[in-house]
Amino acid sequence: RDLEVAILVPAGKSYSSEVDLPTIKLLAPQVEMAHEEALKGDMLRAMTLNGIIYCASLGYDPKPAVVALKSGALAAGLSGKGPAFVAVGDDLGEVVGAWNDLGGEIIRTRVNNDGSRVVE
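Just so it is clear: in the sequence shown, position 32 is 65 by this note's numbering, and no numbers are missing.
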């Protein structure tokens, strides 16, 4: 499936010292649920669940993910340990429009379904 990807890169930075380890441990069972969804092949659900869980664990406002989902994204959430958010969908024009109101840089690209290869 040829999906579009949008990445919202906020102006701020995040530092690993701000990680709330007790909250991460508390939410570990929910992260495991996201992992199980991925193993079942439901990558979009896993991505959203994992992204929202890590917002709570790392102290990020999930608003960019929620805005993306309301704007038609199939999945959205925090990217890695943040501060960037990512959204995936068939057409993310509305998501990008809504994210423009949040500030930061928006990168648009597509999912790579070809896998990795060596370029010489």
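Since the hints were derived computationally from the structure, they do not count as laboratory data.
Wrong hints could be hidden among the right ones.
[Said to hold, decoys possible] Taking lysine-lysine and the DSS-like style, the derived pairs with C-alpha atoms no more than 25 angstroms apart in a straight line are: (1) Lys114 to Lys58; (2) Lys73 to Lys114; (3) Lys114 to Lys103.
[Unchecked claim] Pair ranges (Cβ atoms, derived): (4) Ile140 to Lys96: 17 to 25 angstroms; (5) Val99 to Asn145: 37 to 45 angstroms; (6) Asp123 to Pro55: 32 to 40 angstroms; (7) Asp75 to Asp124: 27 to 35 angstroms; (8) Asn146 to Lys103: 23 to 31 angstroms; (9) Gly113 to Val152: 23 to 31 angstroms; (10) Arg143 to Leu54: 20 to 28 angstroms; (11) Val151 to Met66: 30 to 38 angstroms; (12) Val99 to Arg150: 30 to 38 angstroms; (13) Asp124 to Lys96: 17 to 25 angstroms.
Every residue gets a Cβ at the ideal spot worked out from N, C-alpha and C, and that includes glycine.
Out of the numbered hints, which ones does the structure contradict? Per hint list: 5, 7, 10 violated.
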